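A.B. asks: Knowing the structure of chain X, use the given hints to seat chain U on it.
Listed in order, the protein sequences are those of chains X and U.
Following my numbering, the numbering of the first sequence begins with 11 at its first residue and continues without gaps.
Following my numbering, the numbering of the second sequence begins with 10 at its first residue and continues without gaps.
Source of the hints: derived by calculation from the structure; they are not laboratory data.
The hints are all genuine.
Once the Cα atoms are required to be at most 27 Å apart in a straight line, the calculated DSSO-like pairs of lysine-lysine come out as: (1) 58/U to 298/U; (2) 298/U to 249/U; (3) 58/U to 249/U; (4) 12/X to 207/U; (5) 190/U to 301/X; (6) 248/U to 207/U; (7) 14/X to 207/U; (8) 181/U to 248/X; (9) 224/X to 301/X; (10) 248/X to 126/U; (11) 58/U to 123/U; (12) 248/X to 170/U; (13) 170/U to 207/U; (14) 224/X to 186/U; (15) 224/X to 207/U; (16) 224/X to 126/U; (17) 224/X to 190/U; (18) 197/U to 248/U; (19) 248/X to 224/X; (20) 207/U to 301/X; (21) 301/X to 170/U; (22) 197/U to 186/U; (23) 197/U to 207/U; (24) 224/X to 181/U; (25) 170/U to 123/U; (26) 207/U to 190/U; (27) 186/U to 207/U; (28) 301/X to 14/X; (29) 170/U to 190/U; (30) 197/U to 170/U; (31) 27/U to 248/U; (32) 249/U to 207/U; (33) 249/U to 197/U; (34) 224/X to 133/X; (35) 298/U to 248/U; (36) 224/X to 170/U; (37) 186/U to 170/U; (38) 301/X to 186/U; (39) 181/U to 301/X.
Quick caveat, the model's predicted, so the values are computed rather than measured.
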Amino acid sequence: MKEKLQAFIENAGWPRIIIGLFLLSLFIAAPMVGVRLDASLSDTLVRVGMNGILVLAMVPMVQSGCGLNFGLPLGIIAGLLGAVTSIQIGIEGSIGFLLAMVIAVPLAVVFGWMYGQLLNRVKGDEMMIATYVGFSSVALMCMAWLLLPYTSPTMIWGYGGSGLRTTISVEGFWFNALSKHLNIRIGEFFYLPIGMYLFFALMIFLVWGFFRTKTGTAVTAVGSNPEFARASGINVDKMRTISVILSTVLGAVGILVYEQSFGFVQLYMGPFYMAFPAVAAILLGGASVNKASMVNVVVGTFLFQGILTMTPSVINSVMQTDMSEVIRIIVSNGMILYALTRKVMVKR
Amino acid sequence: MCDKLVVLRDGRVIQEAKTGETNVRQIASWMVGRQISGVADAAEEKERKFGEVILRTQNLWVDMPGETVRDVSIEVRQGEIFGLGGLAGQGKVGISNGIMGLYVSGGKVFVKGKEIKLNDPNSSLMEGMAFVSEDRRGVGLLLEEGIDWNITFTAMQVQEKYILHLLGGLLKWRDDKAVTKCTEEYIKALEIRCTGPKQRAVELSGGNQQKVCLAKAFAVAPEILFVSEPTRGIDVGAKKLVLDTLRRVNEETGTTIIMTSSELEELRSICDRVAIINEGRLSGILPAKSPAEEFGLLMLGHVVERSPDEISAERCR
Chain X
11 MKEKLQAFIE NAGWPRIIIG LFLLSLFIAA PMVGVRLDAS LSDTLVRVGM NGILVLAMVP
71 MVQSGCGLNF GLPLGIIAGL LGAVTSIQIG IEGSIGFLLA MVIAVPLAVV FGWMYGQLLN
131 RVKGDEMMIA TYVGFSSVAL MCMAWLLLPY TSPTMIWGYG GSGLRTTISV EGFWFNALSK
191 HLNIRIGEFF YLPIGMYLFF ALMIFLVWGF FRTKTGTAVT AVGSNPEFAR ASGINVDKMR
251 TISVILSTVL GAVGILVYEQ SFGFVQLYMG PFYMAFPAVA AILLGGASVN KASMVNVVVG
311 TFLFQGILTM TPSVINSVMQ TDMSEVIRII VSNGMILYAL TRKVMVKR
Chain U
10 MCDKLVVLRD GRVIQEAKTG ETNVRQIASW MVGRQISGVA DAAEEKERKF GEVILRTQNL
70 WVDMPGETVR DVSIEVRQGE IFGLGGLAGQ GKVGISNGIM GLYVSGGKVF VKGKEIKLND
130 PNSSLMEGMA FVSEDRRGVG LLLEEGIDWN ITFTAMQVQE KYILHLLGGL LKWRDDKAVT
190 KCTEEYIKAL EIRCTGPKQR AVELSGGNQQ KVCLAKAFAV APEILFVSEP TRGIDVGAKK
250 LVLDTLRRVN EETGTTIIMT SSELEELRSI CDRVAIINEG RLSGILPAKS PAEEFGLLML
310 GHVVERSPDE ISAERCR
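With the rest of the complex left out, here is chain X (with noise of 0.2 Å):
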């Protein structure tokens, strides 16, 4: 028994353990301060369907070499344009989602391919430059929205009558359309959008597959030791580019699964801080800056989104006053500044 307990762990590590704990306490907390526990617990399974694909988009790089994925906002920006595209069309229900999703995965290859190369000539440096693909690209989009010729009144700004709003909501088009499938309630408050989780499943597999493919291995081997590699006949920048593309693809996707569940698209400096928590998540979840599997992302998604969601309520009621905005940013940058100093550690 307690060889077990040793070896458990062991392959969970430390971090993980106590997080888990303390989230565990947490929901323990929750019905003694008047929170309800089935809320709290679907709002949290919630958002770790809504942020899962996002989190998930952070692999292929990591697998690759090319660090964590910073750029993730490009990839972002690649689902938006498909998402606004589809309202402009003006198809409602699933079709209109899927019709998002074709959009913008294209999108996401062309600004995937060109990120690739970018990164291709920063080898060694590639998070820092990622960081500044990802502001950037965002910056220049905050003047595309106002400038693109999108003319639904649903999108665009009242008194003008041209550019497109910060927020637009997806009611009445496809709001849920993966959501709405197949859910569960329970009571009054209890609300699992099975729908979403399958999607969520089905791409950890499709990410999962690739990387038992021959492409995939290797993919890893020139995050591994692209010298080895190369010595392998394996075109190094090649690989590199697409693992780029992938994560910028599953970004793309990410966000659209995301605006379904939320019920809004948000543009200009919506994906600014979009990264963060993603990287946050899956380095919680137990990756390094080198290597990321399918459990490290469920579990640290599941984890930073657990606490995310239970210490602003529970300390809120503890406390009987409202701060939990300033709460929920002193929890999530504080999660960000622990998982990067366990990234220096796991670099050592």
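C.D. replies: Quick look at chain U alone, frame taken from chain X:
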């Protein structure tokens, strides 16, 4: 310096002795655990037969930092064990690296009479050549991955071994079962000390890492095998095993082996012919049985006496 010494092997104490009462030869035999035989002189007695010229280089140059090759033209015959020796930094290591496309190179290389594309590792591998690098930890191994990946990766990527073709060849799925099976075979054949096929290469000792590198090359089933400094930084027992394995593979499969080593004695014990490289040029080729002094002279560049004018004239050409 010590009064007493203990010999450890495979995690066990093999022998404890007072330093005064023993000698180097005895210690070495404890370390190896087998009697160090007269390095297989008996086997060498029988006449060795070679086939056609399998590898020919013509004015090969390689730009490898610290190991520049300037102008090397050699011919190696099928089934031969060919040695490349010389002092450190004279370019002997650069030759195999250049032919395998790892460093920028020029000139011409022919395999079985056909000229191959240089500067492209993939085409060299496709021609049936394999390489065990001298830079074990840098080029030779995926340190963070398991032994299984290390051994099978090259063969998987170049020859599509251990690959299942699904959906009519559209999907190339890694056959993990075949990978594990092949790895287990090599672990057994080469006596790799490890906890299993999944153990990470970084956790192995130098000798066992070298065996993994050899297994990686054997998995490709090469016609020409380049082995660079195979015994550098490994213990006596592993050294013998590595050399014996090379000799066995050469005998059993007729693989042509081109071995680079800084240790002349090692080359002379295993090779048929040894070429000495000096200042990036071929200084001379001698049968392995030649006396050591002759090799020594070649290393110092004394035999091929060319005037500086001749050399510069050649450069102009």
